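Trainee: Sequence:
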Amino acid sequence: MAEEKSQKSLSYHEQLEEEIIGLINKTSLSDLQKQFMKARWLDQVLWLEGRAEKFKNRYYKLRMITIIGGVIVPALVTFQSDNPTIKNAITWTTWGLSQAVAISAAVEEFFHYGERHRHYRNTAETMKIEGWQFLQLSGSYRNAKSYSDVYSDFAQRVETIIQRDVDGYFSEVVADKKPDDIEPKNQEDNPPSS
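When the count follows the working numbering, it moves up by one through the sequence shown with no breaks and lands on 194 for the last residue.
Read the hints as simulated data drawn from the structure, not as lab findings. One thing to keep in mind: the hints can contain errors.
PhoX-like cross-link-like pairs, simulated, lysine-lysine; straight-line CA separation at most 25 angstroms [what the hints assert, rightly or not]:
{"hint": "1", "residue 1": "128", "residue 2": "38"}
{"hint": "2", "residue 1": "145", "residue 2": "128"}
{"hint": "3", "residue 1": "54", "residue 2": "128"}
{"hint": "4", "residue 1": "26", "residue 2": "38"}
Computed beta-carbon distance windows for the label pairs [claimed, not checked]:
{"hint": "5", "residue 1": "28", "residue 2": "102", "range": "52 to 60 angstroms"}
{"hint": "6", "residue 1": "38", "residue 2": "149", "range": "16 to 24 angstroms"}
{"hint": "7", "residue 1": "95", "residue 2": "138", "range": "55 to 63 angstroms"}
{"hint": "8", "residue 1": "15", "residue 2": "40", "range": "14 to 22 angstroms"}
{"hint": "9", "residue 1": "81", "residue 2": "53", "range": "39 to 47 angstroms"}
{"hint": "10", "residue 1": "166", "residue 2": "72", "range": "37 to 45 angstroms"}
{"hint": "11", "residue 1": "13", "residue 2": "86", "range": "42 to 50 angstroms"}
{"hint": "12", "residue 1": "166", "residue 2": "89", "range": "47 to 55 angstroms"}
{"hint": "13", "residue 1": "12", "residue 2": "81", "range": "43 to 51 angstroms"}
{"hint": "14", "residue 1": "84", "residue 2": "10", "range": "50 to 58 angstroms"}
{"hint": "15", "residue 1": "61", "residue 2": "122", "range": "15 to 23 angstroms"}
{"hint": "16", "residue 1": "28", "residue 2": "162", "range": "18 to 26 angstroms"}
{"hint": "17", "residue 1": "125", "residue 2": "86", "range": "47 to 55 angstroms"}
{"hint": "18", "residue 1": "171", "residue 2": "10", "range": "31 to 39 angstroms"}
Remember, predicted model here, so these are calculated numbers, not experimental data. In this text, a Cβ means the ideal position worked out from N, Cα and C, and glycines have one as well.
When you get a sec, could you build the whole thing from the sequences and use the hints?
Mentor: Structure representation (structure tokens):
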């Protein structure tokens, strides 16, 4: 009962970490391999999960301001009143709300929170799939007789996923323009093809 109660007080992040550490510790890997797995794979999974959640929350907040404000502003614009105090309040409210909508849309466009969320979520899920397949000796590890037999394959695959994540982050999320989208400034930048 006490263990069940303490599980309920843990966040998803903490529960995931605790559960996976327990599974790693039950494998037949050497202590050093277990430590590598926790320090590299698990640490990356938890970091990616945290980043995905952080950017999802920011994206949803900004999108809600944009959506709700975008619906309310036209309604306020059409509202008419003969009372100058009410008319003035509606004018300033409309102006303030339209600024909030414009700012939230601009901030989202600048920081790409939605793209960042999807990027980190995708990489986190890819890392978790790789880890679960390794821990269950399934997927590409299904023919292994022991964890030690395929640990180096697992470590290499994890590093490949991390490298793809870094490359993808800089090419998809950070770069505002793709090379194909950039037009040459003059003819010298675009030599004729032969």
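Trainee: List, from low to high, the hint numbers that the structure doesn't satisfy.
Mentor: none
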